[in-house]
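Peer 1: Read off the chains here:
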Amino acid sequence: MARIIVVTSGKGGVGKTTTSASISTGLAKRGHKTVVIDFDVGLRNLDLIMNCERRVVYDFVNVIQGEATLNQALIRDKRVDTLYILPASQTREKEALTKEGVERVINELSETFDYIVCDSPAGIEHGAQMALYYADEAVVVTNPEVSSVRDSDRILGILQSKSRRAEMGQDPVREHLLLTRYNPARVEKGEMLSVGDVEEILAIPLLGVIPESQVVLNASNQGVPVILEEESDAGQAYDDAVARLLGEEREHRFMTSQKKGFFSRMFKGG
Amino acid sequence: MSFLDYFKGKKKNTANVAKERLQIIVAHERGQREQPDYLPKLQQEILEVIRKYVQISDDMVQVEVDRNDSCSVLELNVTLPER
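In order, the protein sequences belong to chains S and V. Read in order, the letters of the first sequence correspond to residues 1 to 270 in this note's numbering. Read in order, the letters of the second sequence correspond to residues 1 to 83 in this note's numbering.
Take these hints with a grain of salt, some might be off.
Distance windows between CB atoms, simulated [what the hints assert, rightly or not]:
#, chain 1, residue 1, chain 2, residue 2, range
1, S, 78, V, 16, 33 to 39 Å
2, S, 65, V, 12, 54 to 60 Å
3, S, 1, V, 76, 32 to 38 Å
4, S, 100, V, 12, 50 to 56 Å
5, V, 41, S, 200, 33 to 39 Å
6, V, 71, S, 191, 55 to 61 Å
7, S, 196, V, 12, 16 to 22 Å
8, S, 54, V, 41, 49 to 55 Å
9, S, 48, V, 17, 33 to 39 Å
Since the hints were derived computationally from the structure, they do not count as laboratory data. Ideal Cβ placement from N, Cα and C applies to all residues, glycine included.
Starting from the given sequences, assemble the full structure and let the hints guide the process.
Peer 2: Here is the structure:
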């Protein structure tokens, strides 16, 4: 049986796809057979972030509608050989994702994979609800900013009432907070909500804090999941998050600003 | 930030403002989330029945559900106009 993890947020642009790419790559790198599914029908983007946009032949909706087999639609990652991508359809309606169809695909994937990562679209409509419906665990991606925190709380409400686990009266979906685009210097100046503030408001356990970093854009430009930028702060923060997801204890890093000393100011121009 | 604040080097702590605003709105929205879906319609229909007899405004009927472990209590508050 595979563990099903949804990466969700409510609000758009907070880093769901970036996070899905990195978490799935991180799980696969540790030897777990992992598939990452793009649920954003009509606005497919995971393929670009994973650098396989030119290898898409069949997609998730084709498989649901029986126009292709799973093996035809799954794309094997070229960097990590235990990682597969199931791209979203770019042309269909969101309603093409039926509960029964999604269940059939997830059940079939469950037979051979250890982890199924579901990359949710933004919003709280059909696509987002399909992405979280079968989840065992949820990574709630949040920016330290008012609208993102409020939307995350909204999505937590949906996880607690509209997921399969909620409807069947099973153990609730395990929720994890992943705070992204965190800027410790601005937090110290009182300009940004702190990790503690967001934890206090949302009241769910913290999976990790990803610092705001130029590396993220550079990586996405090239279709490299940022977790593979192993020297970078954001890459290491994602690696920590994956380790914690697997039950490892790791201390939180990158939560305080690196004060620049006199010499680095002089030589790096501030 | 006022002119004087600039010289005192004091900046408003906007993160605290954000936190306080969020705590209020999130608590409010969680309260609504726990209410059953039929509540607004129930409130509307009760309002219509009362209006057959007395003219009252929308905000004069308040319906809430309090849930305990073993039972739920429907609390209905109707304010009648002074005569």
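Peer 1: Each hint needs a verdict: does it hold in this structure or not?
Peer 2: A quick look at each hint next to the structure:
Roughly 47 Å separates the CB atoms of residue 78 (chain S) and residue 16 (chain V), a value that falls outside the hinted 33 to 39 Å. Checked against the hint of 54 to 60 Å, the C-beta distance between residue 65 (chain S) and residue 12 (chain V) comes to roughly 55 Å, which is consistent with it. In this structure the supplied range 32 to 38 Å is violated for residue 1 (chain S) paired with residue 76 (chain V), their Cβ-Cβ distance being about 48 Å. For the pair residue 100 (chain S) and residue 12 (chain V), the supplied restraint of 50 to 56 Å holds, since their beta-carbon distance comes to about 53 Å.
One distance hint, 33 to 39 Å for the beta-carbon pair residue 41 (chain V) and residue 200 (chain S), holds here, with the actual separation near 35 Å. One distance hint, 55 to 61 Å for the beta-carbon pair residue 71 (chain V) and residue 191 (chain S), is violated here, with the actual separation near 48 Å. For the pair residue 196 (chain S) and residue 12 (chain V), the beta carbons lie near 20 Å from each other, so the given range of 16 to 22 Å is met. Between residue 54 (chain S) and residue 41 (chain V) the C-beta distance comes to about 52 Å, which sits within the given range of 49 to 55 Å.
At about 37 Å, the beta-carbon gap between residue 48 (chain S) and residue 17 (chain V) stays in the expected band of 33 to 39 Å.
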